[in-house]
Amino acid sequence: MILVGAIGVVVRTNPVHAALSLVLTLFGIAVLFVAQHAEFLAAVQVIVYAGAIVVLFLFVIMLLGVDRAEDLRTDALGGQRGLAVVVGVGLLGVLGAAIVRGMGAVVTRSAEGIAVGTVEDADANITQIARSVFGDHVVAFELTSVLLVVAVVGTVLLSRRRPTDVRPISGRPS
Amino acid sequence: MIGLVVVPTPMWYLLLSALLFTIGAVGVLVRRNPLVMFMCIELMLNAVNLTFVTLGRRLGSIDGQSIVLFVLVVAAAEVVVGLSIIVSIMRRRSGINVDDLAELKG
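In order, the protein sequence lines correspond to chains A and B. Going by the numbering used here, the first sequence opens with residue 1, and the numbers climb by one from there. Going by the numbering used here, the second sequence opens with residue 1001, and the numbers climb by one from there.
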């Protein structure tokens, strides 16, 4: 189901359909988070991604009025599509080889890790994340707040209409 | 269907996230709509998140999940800034094709 959604993002010609396929994939990943006892991240995933980011995508699509189908038949650059498929297969091969070869190291290291292990409880999960984020990584957490402020200011600055841009209806195009 | 029969091991999760990452990368390469390219970047970020959670659980460490939290914040900021750039570009010109945007001059 996740893969169906992911492929739908790529092959759907209509951006709205692609965004809805993305929702399918994001919900599937949230389900996988729950299956791995990362309940807090699953909730955050649904709220932030499916709730905020995809809605932002849809809002921009509707705002720009670009929800017409894109022509996927024509290849914009010569041979680009075949090259992309080759790159994809190569990337998948490299990643798969890395996973298959690296699992041995992970298994050996996890022998003592499971003993310490994450407690399989939602409250304990949230407590552990809070300890980690606000304890060990508190500097990074503060930096994310700076990043968010920068993003908000930059967005307002970018999407703001300058006073000189406001022109009468009969005005010339800027 | 396989997931219903076989108990999912970390190997399955990692392979699934590798597949997702590959699909996102191919999508960025193939698609010419900047919005859809952003969606494919989101796909790649989610694949990496899944890898973080899987390996963090496998190694018995909570750091993977807190890193995913930071990745979510950075992804949100990136999407907001990128979409505002797209909006401000689209206000000036009507085409929705990254091949037409090869020059910086507005």
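Derived by calculation from the structure, the hints in this document are not laboratory data. Since we're looking at a predicted model, the values are computed, not measured. Don't take every hint at face value.
[Unchecked claim] Sample of chain A residues at the chain B side, in silico, Cβ under 8 Å:
{"#": "1", "residue": "3"}
{"#": "2", "residue": "4"}
{"#": "3", "residue": "9"}
{"#": "4", "residue": "17"}
{"#": "5", "residue": "38"}
{"#": "6", "residue": "46"}
{"#": "7", "residue": "56"}
{"#": "8", "residue": "62"}
{"#": "9", "residue": "64"}
{"#": "10", "residue": "104"}
{"#": "11", "residue": "137"}
{"#": "12", "residue": "138"}
Positions of the beta carbon are idealized from the N, C-alpha and C atoms, including for glycine.
Hint by hint, here is what the structure shows:
1. 3: 6 Å, holds
2. 4: 11 Å, violated
3. 9: Since chain B brings a Cβ to about 5 Å from residue 9 (chain A), closer than 8 Å, the hint holds.
4. 17: This hint is violated: residue 17 (chain A) lies away from chain B, its Cβ roughly 10 Å from the closest one there, beyond 8 Å.
5. 38: 5 Å, holds
6. 46: 11 Å, violated
7. 56: Interface hint status for residue 56 (chain A): holds (6 Å vs cutoff 8 Å).
8. 62: Not OK, violated: residue 62 (chain A) not within 8 Å of chain B, min 11 Å.
9. 64: 5 Å, holds
10. 104: At about 11 Å, which exceeds the 8 Å cut-off, the nearest Cβ of chain B leaves the hint on residue 104 (chain A) violated.
11. 137: 6 Å, holds
12. 138: 11 Å, violated
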